[in-house]
Structure formats: C-alpha cells, structure tokens
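K.L.:
For reference, the chains in residue letters:
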Amino acid sequence: MRAPQVVQEALRALSTNRLRTSLTMLGVIIGVSAVVIMMGVGRGAQSLVNQSISSMGSNLLVVFPGSQTSGGIRFGAGAAQTLTLSDAAAATSVTGVIRVAPIVMRSFQLGYGNTNWSAMVTGVTPDYFPTRSWDPEEGDLFSEADLRSNARIAVIGQTTARQLFGDEQPIGKTMRIRNLPFTVIGILSRKGQSLDGRDQDDVVFIPLTTARQQLIRSTFPGSINLLFVQVASSELMNSAEAELTDLLRVRHRIAPGQENDFTVRNLTAIAQTAAIAAGAMAILLGAIAGVSLLVGGIGIMNIMLVSVTERTREIGIRMAIGARQRDILRQFLIEAVAICLAGGAVGVTLGLAGAWLIASLSGLLVEISISSIALAFGFSAAIGIFFGWYPAAKASRLRPVEALRIE
Amino acid sequence: MPQSLIRLSDVHKQYETVGAPPVPVLHGISLDILPGEFVCLMGQSGSGKSTLMNILGCLDIPTRGQYVLDGQSVAGLSPDELAGIRNRRLGFVFQGFNLLKRMTALDNVALPMIYSGLSRDEASRVARDKLGMMGLAAFADRLPNQLSGGQQQRVAIARALVMSPAVLLADEPTGNLDTATSEEIMRLIQGLNRDDSITVVLVTHEQDIARYGKRLIRLKDGHIIFDGSVTQGLSERGAA
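Protein chains in written order, with the working numbering: chain X, 250 to 656; chain A, 1082 to 1321.
Calculated from the structure, these hints are not laboratory results. Small disclaimer: the values here were computed from a predicted structure and weren't measured. Only true hints are included.
Going by beta-carbon spacing under 7 Å, a handful of chain X positions derived as facing chain A:
hint, residue
1, Gln254
2, Arg261
3, Ile566
4, Ala569
5, Ile570
6, Ala572
7, Arg573
8, Gln574
9, Pro649
10, Val650
Covered stretches of chain A, going by a simulated chain X footprint (3 or more residues, C-beta under 8 Å):
hint, segment
11, 1137-1150
12, 1168-1178
13, 1196-1204
Built from N, CA and C at the ideal position, the CB exists for glycine as well.
Next up, chain A with everything else stripped away, as it sits in the complex (with noise of 0.2 Å):
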C-alpha cells in the first residue's frame, strides 16, 4: 500500500470566541489521502467542509488530532513553519481567484518563489514558463482587472502550481465562472491530475463540478459522512 500524502486523526476543530460558549465544527475526522488522488469534499453550508480545507491547507491549526502531511507532522509547527509549509507543499486556488490586485499576472505567479528566496530574474523566468503552459504568455504583463475571470483563475492555478506542491486545494474554483469556463478550468485541474499525476482536494457544492474527481467525500455537521467513488457517491444522492 502507497504511504498516504494526507493522514488526518482523528482531527477535532472547535472556535472559540471570548464570552461564548466553544463552537464545535469537526469532530473527530479520520482521512487518508494518497498520491494522485482526486478528491471532491462536498456538504452544505456549515458542514465542515471549509474548515476542513483550511486545516488541510495548513491556514489553520487541528483543536486535537494528527495532520501528517507527506510524511510530516504538522501540529506544533510554528507560523513561519507553516508558512514554510504552503509556499513548498501546497498549492491553493480560490473561489475569488485571490490575485494580488495591484501586480501583474508574471509578478502573482512569481511571488512564491520570491517569499521562497528566489531572485526576481529567476522567479520572472520560471513565472513566465509557467504562464505559458496555461496558454497565458500574452497576458504576462497584464493586471488581474484587465483579465477575464478564466483567465484569472488560470493566473490562480499558474501561482499555486509554480512551486510544484505536493497537493493542489481548490476551494469553489469555479463559484464566480460561467459554466463553459467552469468546465475549461475543471478539465485543466483534471489534465493536471491525469497527466501530471498532481494530487487534487477540491471542495465544491456542486455536482457537475464534483463528477471531474474521482473520489468523494461528503461531509455533514463535522462528520464524514460518506467517502467513496464520485460516481457511486453521486448515483447514491442521486437515488435519495
């Protein structure tokens, strides 16, 4: 059996807020993600889901429980170290493509490899190379308000593929795209899986979005409420 990329423990979250009770938002996740995985996490609003992305994206940190993350440990990790861990570990895009609003397409891509010690020569060269694989090469040295919202997203998947991640999560991806552009980005993430053997966790609500995976895992009020094939996990609602 391959060593899992992803090893979650058991992993609880609750918030606490100053004068309130704690809210608890996920309890007890188990889940083991391997290399080349496609992963869809699906449940509504309040579900987890979010949450469990954000852990998985090592923005925030598990209340109690192990996260593994290629072998390494993640809890008790400072935040520089955690930091260190999403410039060269993961790659994340956003529902709201989250582009740096006043730099160009080459500067957004480039800025990891910059905050990774990088020089601007070198990171400009590998940003540029990077574009170009996402057919972007023109619009280098366009601002994100000068690029369509594919386009953006492409900017988006470009940034957080450019440090070549262990795990590409992608949170809503499509959410702010029309539909024949969903589907261009979808089948762009889903090339990469395929033919770059690149590790893909994606949260979605959507069920056309969902079917580019190909496992499934949904999740209800912070637990897991089904984990499986997307096309089993989909019929299964389906039939409901």
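Excised from the complex, chain X in its bound form (with noise of 0.2 Å):
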C-alpha cells in the first residue's frame, strides 16, 4: 500500500468517530500546551536570573569589612572601617584583575523644588560604572577630573529621576542631597530588580571624593564601605579571590589562624547559584508537563487498543483480501501519529494562548522558543508512536482466521 492511501485511510478512520477522537486528542492537547506553557514560563524565569546576572556585572569579587570587636561585643560585617582607599589601589596588583571600585553609600534625604525622597547615595569612581554594567541612558557619566575636582554632580536611576522629578527632565537641574546642591548629569538605563527584589534603579551615584569629603565623613582615614573587583575572566576568579584574601590578610597584618577582618565574596558564584535554581524550576515545570503528555499518551494508548478490538473484523476483512502486517501495523499506527499531530497543533496554539495570557495576567516573564514549540510537537509524534506501536502491532499480529470469526 503506499504512503498517501495509508494516511486518507487513517484520517477516513478517525472522521467516523469523531467524539472519541477529538476526547483522544484532548489529553495530548493539554499535555501539548502545558508543555508549551511550563517551558515558557520555566524559560522565563530563567532568563529573569540571567538578566538580573549581567545587570550585576560579571566576574565580580566584593569584599565587605569585617566585623568588629568593642569590649566584647561583636558587631555585625561591615560595621568595622578596617577597607580603605589604598587596599582598594592594592587590589589592582592582584592577577586578572581588570578594575577595582571602591564605594561609600549612605542613605540621604533628597530633594528638588518642594519634592523630596530618601534613596541610597554612593560615592564612586568612574570605573565603577563598567564594573557593575551601569550605561547611561542620557547624559553622561562622571570623569576622573570630576573626581579630582570634587564636583558636585550626580548621576541617578530611573525610579530615583521619576520619584524626584516627576516628568520633568532631570538632567541639567540641580537637586539636593542633605541640603548640598548637586547637578544631575546623566541618568541610567533601566537594570529592574535585583536577585533580592530590591530596587536597581532607585540611587543616586556621585563621585568618591565628593561624597567623602562632602557627605560621608569618617573618622577613618581613607575608609570605604565596599569593595568591586572585577576580574578578566571566570577562569581566574577563584584564584584572585585567594590572591586578594592573601593580599589584605598581609596588608591588615592578620596573624594565621587569625580571623580575617573583611569578608571577599564571590558574585558570580551567587548568581550562579540562582541560575541553577532558576534551571531546576524550569526542569520540574517541563516534567510536570511531561507527566500530563504521558497521561494522553496512555490515553491514546487505551483508545487504540480499543479500536483494535472493534475492528478485529475489519482487519481479518483487509487481511483477507490481501492486507500483510506491515500494512495493517502503518494503518493504526499512523492513525496515533495522526492524533497526536493534531492534538500537537492544537496544543501548540492553545499553549501560546495561554502564555500570552499568563503573561499579561501575572505579569511573569514567557519566554516562548521556536525549540520549545518543536520539542513539544516532535514529542507528541514521539508519543504517538510509541503508544501506538503495541496496540497498532497486536492489530498486526491478528491471525486471518481468528479475526474474521468475530462479529
């Protein structure tokens, strides 16, 4: 028999019951778009980690001052000003280090005309921007001769720009921070929310030298709050973190087997972390889904095995007149194949319905690939195959005689 008579003959089938074909491919149908809708929201997450990754820079270490000791009570890290200024010129020694950033933050009130708002100032060197992948939206960064001429600039978020400005045009005006005018110069682009949910855009950055001299005062010469370090590569960075633990050990003359009084972090192991998370997440939606392919899958299954037995005479007709196994096995076979591709196309389109319409209700990010698409309708084929192949070969192996005896 050849190809094309098999598939009008399938389809010839399948449009004579048509209710139990369609309820057949209702459970491929839903396994289909919940495939198509699990991996998009499973990809979506993931995607959010990653975007979340490349906002925070790569290849980062931050180290944090350590915790400090007063009359035996112990303060939490950070609290100690044991970080300056000339660790931060010594890191740039460290192997595969690209650049370091050293900041000091506080939280100030700000204001502009009658507006005000309270947001997280830091004090930074223009090398902290391609450090943790700020790129200004408009206007422009700050200068190393702004860091020497202690300008009083600023460069703020979004959220910051909206929430102080309103609608007006940022750049050029003059805000203040803790009663200080500063001109705003540039504004960033949009990074969204961190890892931790927190606000990326709501800061005000303004040169180091400013904000020490001008708004962070420390009794601690040459003190910062944190330390970035960026690092050339992902290669290198366990070693530069070693390296560096090694340099500030010596540099803030720590006995071994002293603890150390700063702690070094590793971003990117953090982020890596979440996007392992983030992967698992998507793995388990794709099984869950997977399982309710399966269940149509066996569906299927139970529904051919059925036919087969209704159509035992059927098959002894064909077999008497000349039908040889192989014509019988492609006939049931394809007619699984053949509900499963249907099923599939459905399924695929009310899949991207639904993801549309979790996306747009939930506001989750879905992110739908052509490769999901085709995952999900080459495995409904697959699934059709599969099981259909036992109850399609049991028609097969029907011998002529036993099959024509049945009414």
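Bring the two chains, given one by one in their own frames, into a single complex with the hints.
P.N.:
Right, here's the structure in full:
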C-alpha cells in the first residue's frame, strides 16, 4: 500500500468516530499546551535570572569590611572601618584584576523644588560604572577630572528620577542631597529588580571624593564601605579571590590562624546558584508538563486498543483480501500519530494563547522559543508512535481466521 | 491430464487450546481441483468444511500435510507471503458480504489493488470497470449500507475478482439472501465459471445451491465421504 493511501485511510477511520477522536486528542492537547506554557514560564524565569546576573556585572568579587569587637560586643559584618582606599589601590596588583571600584554609601534625604525622596547615595569612581555594567540612558557619567575637582554632580537611576523630578527632564537640574546642591548630569539605563528584589534603579551616584569630603565623613582616614573587584575571566575568579584574601591579610597584619577582618564574596558564584535554581525550576515545570503529555499518550494507547478490538473483523477482511502485517501496523500507527500531530498542533496554539494570558495577567516573563514548540510537537509525535505501536502491533499479529470469526 | 490447480495431500488440522487437549478437525484430506472446476463443499456443521475452506483460502495453515496452490507449496510461507497469495491468487466471497462499512463500493473493490501497490487512480479505474461488469456502475459511490443484499454480494464478487485470482472461494455466499436474490447470485457465479473459466470452490449446506456446481465433495467428521458429480451426489443423497 502506498503512503498517501495509508494516510487517507487513517483520516477516514478517525473521522468516522469524531467524538472519540477529539476526546483522545484532548489528552494530547492538554499535554502539549502544558509543555509549551510550562517551558515558557521556566525559560522566562531563567532569562530573568540571567538578566539580573548580567545587570550585576560579570566576574565580580566584592569585599566587605569585617566585624568589629568592642568590649566583648561583636558588631556585624561591615561595622568595622577596616577597608581603605589604599586596599583598593593594592587590589589592582592581584593577577587577573582589571578594575577595582571602592564605594562609600549612605541613605540621604533628597530634594528638588518642594519634592523630597529618600535614596541610597553612593560615592563611586568612574570605573564603578563599567564594573557594574551601568550605562547612561541620557547625559553623561562622571570622569576622573570630576573626581579630582570634588564636583557636586550626580548620576541618578530612573526610579529616583521619576520620584524626584516627575515628568521634568532632570539633566542639568540641581537636586539637593542633605541640603547640598548637586547638578544631575546623567540618567542611568534601567536595570530592574535585583536577585533579592531590590529596585536597582533607585540610586544616586556622586564622585567618591565629593562623597567622602562633603557628605560621608569618617573618623577613619581612607575608609570605604565596599570594594568591587572585577576579574578578567571567570576562570581566574578563584585564584583572584585567594590572592586578594592573602593580600588583604598581609596588609591588615592578620596573624596566621586569626580570623579575617573582611569578607570576600564571589558574586558570580551566588548568581550561578540562582541560575541553577531557576534551571531546576524550569526542568521541574517541564517534567510536570511531560507527565500530563504522558497521560495523554496512555489515553491514546487505551483508545487504540479498544479500536483494534472493535475493528477486529475489519482487520480480518483486510487480511483476507491481501493486507500484509505491515499494512495493518502502519494503518493503526498512522491513526495514533495523526491524533498526536493534530492534538499537538492545537496544543501548541492553545499553549501560545495560554502563555500570552499568563504573561499579561500575572506579569511573569514567559518566553516561548521555537525550540520548545518543536520539542512539544516532536514529543507528541513520539508519544503517538510509542503508544500507538503496541495496539498496532497487536492488530497486525491477529490471525486472519480468528479475526474473521469475530462478529 | 491437466495440472492440478489445488492439491491437498493428507491434510490434517487440529486446534490447540491452552489447558485442553487438541481438537482434531480434519483427518487426512487429499484432494485435487483442476482449473475451471466448480466444486461444492457440503457437510453438516462440525464436519470441517469451514476449516477446509480456510486452509484452501490460506487464511489458516494445516497442522500436517501438503497444500500446493497453482504449483506453489503453501506450507512454511510467512504471514506476509500468505497475504500476497490471498491478494493475487485467491478471491473471497463470504456469507456476510464482509464489505468495509466506511468505504464506498468503489473503494471496497479498489482495496485489493491498493494493497498490491497500485496507485489510487489506477485502482479506481479498474474497480469502476469491474463494477460496471457486475451491473453496478450506478452504485459505485454508495456505501455498503445503502445497497441491497444482492448488490452488496455483487460488490463483494467484484472485489474478489478484481485481481484476476486463480480461484474464487465462496463461503455460503447466499446464506443472507432471499431465494430470488440467491438464484441471481448463483447464476452470476455459474456464468463466471462457465464463460470466464474461473475456478470456483463453494461451501453450502443447501442442495438447491449445490445444484449450480459441477462437482460435489461431502465432508463428515473431518473425512471426505463423497467426491463426485453434483447430479450423482445429490441423487444418491436423495435416495438414501
């Protein structure tokens, strides 16, 4: 029997029992659309995490000053003022380090006209911006010259800009930080939420020198709140982390066996953990959807078995007039595959609609890729072959005499 | 002496059931049928005539013994090879017509040709011709349940003959038909045998039907108890 005839036969058989065919198909439809939706949600979560990671800056080590013990009372990490600008300068000598960005920060009340707003004000060097992957959306970032001249200028995030300036164009305007006037020279591009849910766009950056001398005065000369260290590649992260730790221990004169008065964290490692968690969620969602597709497949097998039993006499007649085993096998297999492919097509359509609905109702990022559609479709065809095979083989192995004897 | 079309030598058949002793149905049947013969198989139910028909039709295989069809030994053939023989060498007509319900008369007649590998167009063309010869040209696109019993059986005969088989095997072809239609069908089969030299083997339990044949074989309990001309066989029976 030629291929087009086989397909024609299968479609004819399926169309005679429309209700049953569509109910069987429903299992596949639900399964496939679940796969499309779940994979979309999973991938969306993954790419959200990846976005956050890349917004953090790549290959970053962050150094916190350590805890301080005063009269038996231990303060938490960052309480001590042990990290200094000269530590930052020294850190540039560590193998693989391409940039260091020391920062000081404190929360201040901001003002513009009669509006006020509170945000974290961070004193940074120009290297900070590339280290954390900050790009200006409008205006400029500041330069080494601004740093040297203790300029009262600020680069602000989009949330801050909106809260403080509303619809006004902030660039060139003067805002107040603790009643000191600062000129806004740039607005940063949007970063969105950080991995821990903070709004990364509610920020004010001013030159480090200005901050240290006019806003955040410290009794400890040269002390900084944080030090970002960017390493050339992820392969160098571990060695750079170890070398930086050794360097700081020597600089802080910490005897062997004594605890560090600083903490070095590998941000990339933290980000990777988050990425792994998101990946695990994507796999889990996919697996759940896969189970529903599997159940749909079992439904097909069930119906095909019933169909084979019902059509035993038809199989007998076909065999009597010359159908070979493979003709019968193909006939039933193609029926199963046709159900799956049709169900797959409807399922993909419903899945796309469902994903769109979820994205617009919940605001979740749902990412549909061609590959997930292809996967769902291919998987449903595979389900058809896998679960259609047994009933089809059972039909093809019927003995003609016995098949003809059944009424 | 012409070459036998069908030669059975010492054919035995017993049915094996799990957990029960085998049931013997045929005990050493030997039989030669020549081209152009019209053989009627008669016997009471349980005589083994259906089993013998199934073996002749390659729907079943003998437990023991030889079956040579048109010079080819059937023993030891694979299921697919048997399917090929059924497709090309044998034509079946059944009591219940056994047309495929969802297919038009035309598609039913075309189906054996499609299984043999012909294209749909060519098969349809030949099938239409064949239906025309059976006087059914106007009914080609009807479904079986839109046809009368006699028309359905004629479609079945067209389907049986469409591959130009060596033998037409008819199992109670008139069992579901009224007397007038039965006569019509039997005259058709008789004509095919007489005018087109088609070899016919027909199973029946009705003497009136057997009368259309030339040779009569009576079976009882798996043995041949009579093999001769129809006239002789029927009159002997009538005398006894």
